[in-house]
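Colleague: Same order as they appear, the protein sequences are chains A and B.
The numbers in full-length UniProt numbering rise by one with no breaks, and the one at position 166 of the first sequence is 166.
The numbers in full-length UniProt numbering rise by one with no breaks, and the one at position 99 of the second sequence is 99.
It is possible that part of the hints are untrue.
Beta-carbon label-pair distances, calculated as ranges [unchecked claim]: (1) Q346(B) - P234(A): 18 to 24 Å; (2) G379(B) - E359(A): 49 to 55 Å; (3) R95(A) - D381(B): 54 to 60 Å; (4) L97(B) - H295(A): 26 to 32 Å.
Below, computed lysine-lysine pairings styled on DSS-like, alpha-carbon distance capped at 30 Å [as the list claims (entries may be wrong)]: (5) K347(B) - K354(A); (6) K139(B) - K255(B); (7) K354(B) - K437(B); (8) K139(B) - K347(A); (9) K27(B) - K62(B); (10) K354(A) - K335(B); (11) K354(B) - K335(A); (12) K347(A) - K335(B); (13) K335(A) - K335(B).
No lab work stands behind these hints, which were simulated from the structure alone.
We treat Cβ as the ideally placed atom computed from N, Cα and C, and that holds for glycine.
There are 2 protein chains.
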Amino acid sequence: MLKPPNPICDDIRALATGTQTAVSLAKRALDRAAGAAALNAFVTIDPGHVLAQAEASDARRKAGTPLSAIDGLAIAFKDNYLTVDYPTTACSDARPLEPGGMDATVVARLRAAGAVVFGKTNMHEWAYGATNTTSNIGKTNNPHNTDHITGGSSGGSAAAVAAGIVTVAMGSDTGGSIRIPASACGIYGFKPSYGRASRYGVLPLSWSLDATGPIATSLDAIAAILPIILGPDPNDVSTHTAVTFQTQEPPANVKIINLVGPGLERTGDVDACLRLALGRLSADVEDRELAGVRHYFAAWEAILHCEASSYHAELLARNPTGFSSVTRAHLEAGKELRAVEVLHAQKLRARLIKTLLSEFGNWDVLCLPTLPVTAPRHGDDWQEFGGRRVSTQDAMTWFCWIGNLAGLPCLTLPIGTGTSGLPVGMMLMGRPGEDEKLLAIGQQVDEQLGAGSGTDG
Amino acid sequence: MLKPPNPICDDIRALATGTQTAVSLAKRALDRAAGAAALNAFVTIDPGHVLAQAEASDARRKAGTPLSAIDGLAIAFKDNYLTVDYPTTACSDARPLEPGGMDATVVARLRAAGAVVFGKTNMHEWAYGATNTTSNIGKTNNPHNTDHITGGSSGGSAAAVAAGIVTVAMGSDTGGSIRIPASACGIYGFKPSYGRASRYGVLPLSWSLDATGPIATSLDAIAAILPIILGPDPNDVSTHTAVTFQTQEPPANVKIINLVGPGLERTGDVDACLRLALGRLSADVEDRELAGVRHYFAAWEAILHCEASSYHAELLARNPTGFSSVTRAHLEAGKELRAVEVLHAQKLRARLIKTLLSEFGNWDVLCLPTLPVTAPRHGDDWQEFGGRRVSTQDAMTWFCWIGNLAGLPCLTLPIGTGTSGLPVGMMLMGRPGEDEKLLAIGQQVDEQLGAGSGTDG
Numbered sequence: 001m002l003k004p005p006n007p008i009c010d011d012i013r014a015l016a017t018g019t020q021t022a023v024s025l026a027k028r029a030l031d032r033a034a035g036a037a038a039l040n041a042f043v044t045i046d047p048g049h050v051l052a053q054a055e056a057s058d059a060r061r062k063a064g065t066p067l068s069a070i071d072g073l074a075i076a077f078k079d080n081y082l083t084v085d086y087p088t089t090a091c092s093d094a095r096p097l098e099p100g101g102m103d104a105t106v107v108a109r110l111r112a113a114g115a116v117v118f119g120k121t122n123m124h125e126w127a128y129g130a131t132n133t134t135s136n137i138g139k140t141n142n143p144h145n146t147d148h149i150t151g152g153s154s155g156g157s158a159a160a161v162a163a164g165i166v167t168v169a170m171g172s173d174t175g176g177s178i179r180i181p182a183s184a185c186g187i188y189g190f191k192p193s194y195g196r197a198s199r200y201g202v203l204p205l206s207w208s209l210d211a212t213g214p215i216a217t218s219l220d221a222i223a224a225i226l227p228i229i230l231g232p233d234p235n236d237v238s239t240h241t242a243v244t245f246q247t248q249e250p251p252a253n254v255k256i257i258n259l260v261g262p263g264l265e266r267t268g269d270v271d272a273c274l275r276l277a278l279g280r281l282s283a284d285v286e287d288r289e290l291a292g293v294r295h296y297f298a299a300w301e302a303i304l305h306c307e308a309s310s311y312h313a314e315l316l317a318r319n320p321t322g323f324s325s326v327t328r329a330h331l332e333a334g335k336e337l338r339a340v341e342v343l344h345a346q347k348l349r350a351r352l353i354k355t356l357l358s359e360f361g362n363w364d365v366l367c368l369p370t371l372p373v374t375a376p377r378h379g380d381d382w383q384e385f386g387g388r389r390v391s392t393q394d395a396m397t398w399f400c401w402i403g404n405l406a407g408l409p410c411l412t413l414p415i416g417t418g419t420s421g422l423p424v425g426m427m428l429m430g431r432p433g434e435d436e437k438l439l440a441i442g443q444q445v446d447e448q449l450g451a452g453s454g455t456d457g
Numbered sequence: 001m002l003k004p005p006n007p008i009c010d011d012i013r014a015l016a017t018g019t020q021t022a023v024s025l026a027k028r029a030l031d032r033a034a035g036a037a038a039l040n041a042f043v044t045i046d047p048g049h050v051l052a053q054a055e056a057s058d059a060r061r062k063a064g065t066p067l068s069a070i071d072g073l074a075i076a077f078k079d080n081y082l083t084v085d086y087p088t089t090a091c092s093d094a095r096p097l098e099p100g101g102m103d104a105t106v107v108a109r110l111r112a113a114g115a116v117v118f119g120k121t122n123m124h125e126w127a128y129g130a131t132n133t134t135s136n137i138g139k140t141n142n143p144h145n146t147d148h149i150t151g152g153s154s155g156g157s158a159a160a161v162a163a164g165i166v167t168v169a170m171g172s173d174t175g176g177s178i179r180i181p182a183s184a185c186g187i188y189g190f191k192p193s194y195g196r197a198s199r200y201g202v203l204p205l206s207w208s209l210d211a212t213g214p215i216a217t218s219l220d221a222i223a224a225i226l227p228i229i230l231g232p233d234p235n236d237v238s239t240h241t242a243v244t245f246q247t248q249e250p251p252a253n254v255k256i257i258n259l260v261g262p263g264l265e266r267t268g269d270v271d272a273c274l275r276l277a278l279g280r281l282s283a284d285v286e287d288r289e290l291a292g293v294r295h296y297f298a299a300w301e302a303i304l305h306c307e308a309s310s311y312h313a314e315l316l317a318r319n320p321t322g323f324s325s326v327t328r329a330h331l332e333a334g335k336e337l338r339a340v341e342v343l344h345a346q347k348l349r350a351r352l353i354k355t356l357l358s359e360f361g362n363w364d365v366l367c368l369p370t371l372p373v374t375a376p377r378h379g380d381d382w383q384e385f386g387g388r389r390v391s392t393q394d395a396m397t398w399f400c401w402i403g404n405l406a407g408l409p410c411l412t413l414p415i416g417t418g419t420s421g422l423p424v425g426m427m428l429m430g431r432p433g434e435d436e437k438l439l440a441i442g443q444q445v446d447e448q449l450g451a452g453s454g455t456d457g
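All chains should be built: construct the whole structure from the sequences, respecting the hints.
Modeller: Set out below in structure tokens:
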């Protein structure tokens, strides 16, 4: 069960050559979902509706009119993506939405490309947390070891992919919510640059940090999705200068800055795994410290909390007990932040961007472990590493928030396992807007390491 | 004294033809400044330094190497523009700056064009008010009647121009601080689009609202200044997409939306003066209401207050008694604003922009009186008009803040006098970035009304 299926190109090839049909792929996915019910990865799946979509896809292929290369591919969506055919709950009782309203722009684009909308995945309530343990349908379990968390907040999407149910599941990412569970579950995740993929119709956490993106079994699968979802959307003002995806070759000499030092601690096994991987790459790798990194982290937190409290203010007033007590406490606390504190946080954000993009000189990608630890055990609320003792929540976002605060494109790829036997991920971050270059470098890195080297089975 | 001198083109022509020298113009300006000392328009003038600059200009002309058409023109600067040759106080005791540091970008550009930096003008302390009555050198007096205020916060610059001392004085504008005193003193003022003129080296009030721009005896004078000051400045990130000024012709059929209705009240004489002027224009004028206008005003206030408190936080902690008690109270109060309130204000700002730029359809300029009243008498803290009773501070900014909150280019031109015998101004606002079109329409309007028709003498 733990070995992900072949890269999406195989599924696409199978659909193109007729060795698989959309219906046979959908049936395989439904069977695997049923067999992996213990993961609690899904909020809703409608098998009849899945098969009906697959049949329509097969009819298009038969007629010689497939909508795109991914026509017939089953894709799962985090339960904060609005969908006309499934309810949307954000895994909260506060405001469940019936189907029939609208598709999020990203859903609409994938559906228009022939994707089979497979179901809605479990998530941390309102995406306000990185463990996937706070959810009105209960916690999500890691396919590698169900005693461990998936991380979140797109934990159901990651579990569904890692369990081989779907090859692609969509997530959203405000401080790592795509990359954290992808890394913890030993698969791939991609957060586009801020403003390159529409968030319209995806219930927000923090509008100046949020991104939508895919979690998948391979970077090839991600490469098939990005051209469909990247680009401008008049309904999301952040995308008004977004350009569509144009495949690039990796640069001849890749310059990697490996971020290290105080504030960027990680466990010994995670660090060893990353060092080993970096040593195998044909790239110029330079270690560099980022001064004041935990101050920038506090800035990210302040911006996130006040934007979340602003977005939820009306609903919190109307239906306070619809939220879990922990989410409600976050939202109440966020209302107390003062404007001058958040303006200071925005100044720190500007300073971080200037430091990374100017003062760090020329680099192609920044590198960090995706997580400082492997997936924690359920119930372990604290993590210890590098002389620090931090909450599991903070450990999950320990590195990932940098990409959101600075608006960078980021990906995670599996590079091995830690002493727990659970996956370790490498995070690569590009310059804003250089999503194509980042993906090309990621594919080259993955190839040099042996694709999927970090996954079990 | 009250009649402004001829348009700058005459001075420029006089310099070019040799009927005046920079020194003769500088001496005239120094004489007039001495004669108008009762206005309290200036913080500092150094006659020797002014004459030395003028002599250097004349030497360049004599050598056939003038730096630009304005080489030799005396320009005064509001005392929040940093200058290497004059101290900068922002008319506050909180942090007086000695000369020798740096020129603000706008000062440096005008100096590089040969301008004679004439002196620094009186202003409302830290630009945090619109009356010019709070200043560590005392209030500024209106050249039309010294019992009346100039309005502010660039009141000294407006008084210096209206008294014929200089043909151009620079101001800054966060909610009308260029336009308010220009209107109250019967002259011309221009606030560029947000992000087209550098604010670097100009002590800020609110960085997302502030603009720099000229106050002058004519729109011709303003037309000579804008090409020098508009354009990108690497030291002011808001200008990174700014383009330089390119003279335009006015459009063939000008469409003016005249904003009226609840929340946009004005006195009967001001309204009559504006109606009379609009009736004389060859333009398509449509009256239109702006729903919720006072809510947008509250949003402007919230953004201004928290940004001002953020900027001054360190200085306020270090030297609280350096500020006047009223400015200190503003800064203390601004610290208490909550982030969710300011985020709500930013949402209202986005809604205002959408309403004006999209829902109002095609228009070339929006029109309002610049002020709802003529210049109030010193000591009159309240104004009554249209069934409202508002503070003189709020009356001064009653209309002007719209241009700052929406980032629009704005100008004011004199169109007559009210029952008090004091000037009335017309405000025209363009679409963001359309500064050239706004100026061209303003010049056409001014010509149709008879240039300078509103000024005494």
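Colleague: Against this structure, judge whether each hint is valid.
Modeller: The hints, checked one at a time:
1. Q346(B) - P234(A): 18 to 24 Å: The hint (18 to 24 Å, Cβ to Cβ) holds, given that Q346(B) and P234(A) are roughly 20 Å apart.
2. G379(B) - E359(A): 49 to 55 Å: holds (54 Å)
3. R95(A) - D381(B): 54 to 60 Å: violated (48 Å)
4. L97(B) - H295(A): 26 to 32 Å: At 29 Å between Cβs, range holds.
5. K347(B) - K354(A): holds (27 Å)
6. K139(B) - K255(B): Roughly 40 Å between the alpha carbons, so the hint for K139(B) and K255(B) is violated.
7. K354(B) - K437(B): Judged against 30 Å, a Cα distance of about 20 Å means the pair holds.
8. K139(B) - K347(A): Roughly 35 Å separates the two Cα atoms, so the pair is violated.
9. K27(B) - K62(B): holds (19 Å)
10. K354(A) - K335(B): holds (27 Å)
11. K354(B) - K335(A): holds (27 Å)
12. K347(A) - K335(B): holds (16 Å)
13. K335(A) - K335(B): holds (15 Å)
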